[in-house]
Amino acid sequence: MRDAVVVEAVRTPIGKGKPNGSLAHAHPVELLAHTLRTLVERSGVDPALIDDVIGGTVDQVGEQAMNTTRYAVLSAGFPETVPATTVDRQCGSSQQAVHFAAQGVMSGAYDIAVACGVESMSRVPMWSNVRAGQDPFGPGVARRYPDGLIPQGISAELIAAEWSLTRERMDAFAVSSHHRAAAAWSAGLFDAEVAPLDGVARDECVRPGSTPEILAGLGSAYHDPAFAERFPQIEWNVTAGNASPINDGAAAVLITSTETAARLGLRPLARLHSFAVTGSDPLLMLTGVVPATEKVLRRAGLTMDDIDLFEVNEAFAAVVLAWQQETGADLAKVNVHGGAIALGHPLGASGTRLTTTLVHAMRERGARYALQTMCEAGGLANAMILESV
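The sequence shown finishes on residue 389 if you use my numbering, and the numbering steps up by one all the way, no holes.
Just so you know, these hints were derived from the structure itself, not from any lab.
Watch out, some of these pointers could steer you wrong.
[To be verified] Now the in silico label distances, taken between C-beta atoms and shown as ranges:
{"#": "1", "residue 1": "T85", "residue 2": "Q325", "range": "35 to 41 Å"}
{"#": "2", "residue 1": "M66", "residue 2": "R299", "range": "31 to 37 Å"}
{"#": "3", "residue 1": "G77", "residue 2": "R298", "range": "38 to 44 Å"}
{"#": "4", "residue 1": "D46", "residue 2": "K18", "range": "34 to 40 Å"}
Glycine residues also receive a C-beta, built at the ideal position from the N, C-alpha and C atoms.
Work the whole structure out from these sequences, hints included.
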């Protein structure tokens with residue numbers, strides 16, 4: 001079986017997912033098309049050679065409906081012969097796109113594939129795809145979970161309670177994310193991965209001046225009397241400051257084999273080594289990163305000590321800190337250029353955003369192995385290991 005390598009990885013800057021956000025003017029198809037154009041421009045690959053484009057989008061409705069990835073391919077100017085599809089594994093949608101693209105290359109089904117993702121949360125708000133009064137889960141799920149499923153914010157509160165994560169610890173982690181992101185921008189470490197768009201060149205949500213004292217002044221983001229009665233262990237310490245914001249953005253990764261890369265004169269950034277996806281308790285929902293990490297390490301024949309860098313999506317500080325307690329990871333190796341709390345979390349784009357940041361950080365830091373994992377709604381998680389080449 002062939003290998004799969006990343007030969008180029010780009011992303012847009014990430015804007016606030018609000019009507020006044022820096023990228024709110026951009027149609028989601030155009031956000032994604034911009035990364036696709038940049039991907040082929042920077043790599044020099046003839047887009048006619050691309051066998052498939054696999055994109056992630058979560059709220060597939062309105063301006064993000066009708067197979068957004070296909071129309072981004074057309075808007076980017078790729079030949080009409082280049083196919084595309086759009087997948088949904090919630091927040092891990094575009095990481096799943098990376099898995100699918102790499103597995104296609106490794107199997108011989110593809111020679112060159114693109115994994116990508118987009119979300120415009122300013123134009124297509126979260127839950128736009130579920131109309132008021134409708135039930136997306138169905139009666140069988142209601143019977144299995146008779147007390148009812150819960151929102152992600154409540155899941156984050158349950159995780160904080162179960163792992164005894166204090167408000168101070170979560171806020172300190174959030175502040176570190178902002179400071180790392182600001183330092184990376186100041187050092188020019190994002191220059192190789194970011195493709196400025198319409199005069200927007202920087203991530204909009206990074207706050208270099210963030211402090212624990214500032215975050216301590218924020219109130220609970222998810223307090224609800226009904227859930228407080230149902231879950232008395234919750235201390236209501238999850239705030240807008242220690243959770244990811246809502247955002248607009250897109251990212252894309254070009255994947256091929258070592259053999260094809262050599263033939264085309266492309267320089268691999270990293271080899272896609274191993275993959276795993278898991279399901280977990282849909283109430284705690286966001287803890288799947290723990291078994292996913294264990295599973296991908298087993299498949300790779302590696303241990304935590306072998307991993308030089310980690311990208312763990314910062315949906316909430318509680319998720320990363322609970323993962324760290326369970327795995328024993330050194331936080332100095334985790335999200336070294338900041339994470340979603342600072343950079344932002346444009347749902348369908350976040351998987352390839354993490355990959356883009358990770359492959360560039362691997363090269364910059366001389367890392368041999370890196371691990372990326374993401375929690376996802378419904379009690380799901382993806383994980384993969386990358387290797388230097």
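Do the hints match the structure? See the list:
Separation of T85 from Q325 is about 37 Å and conforms to the stated range, judged on CB atoms against 35 to 41 Å. Remark: the range hint 31 to 37 Å for M66 to R299 is upheld by a beta-carbon distance near 36 Å. For G77 and R298, the Cβ-Cβ distance of about 43 Å falls inside the hinted range of 38 to 44 Å, so the restraint holds. A beta carbon spacing of about 38 Å between D46 and K18 agrees with the range 34 to 40 Å that was offered as a hint.
The structure agrees with every numbered hint stated previously.
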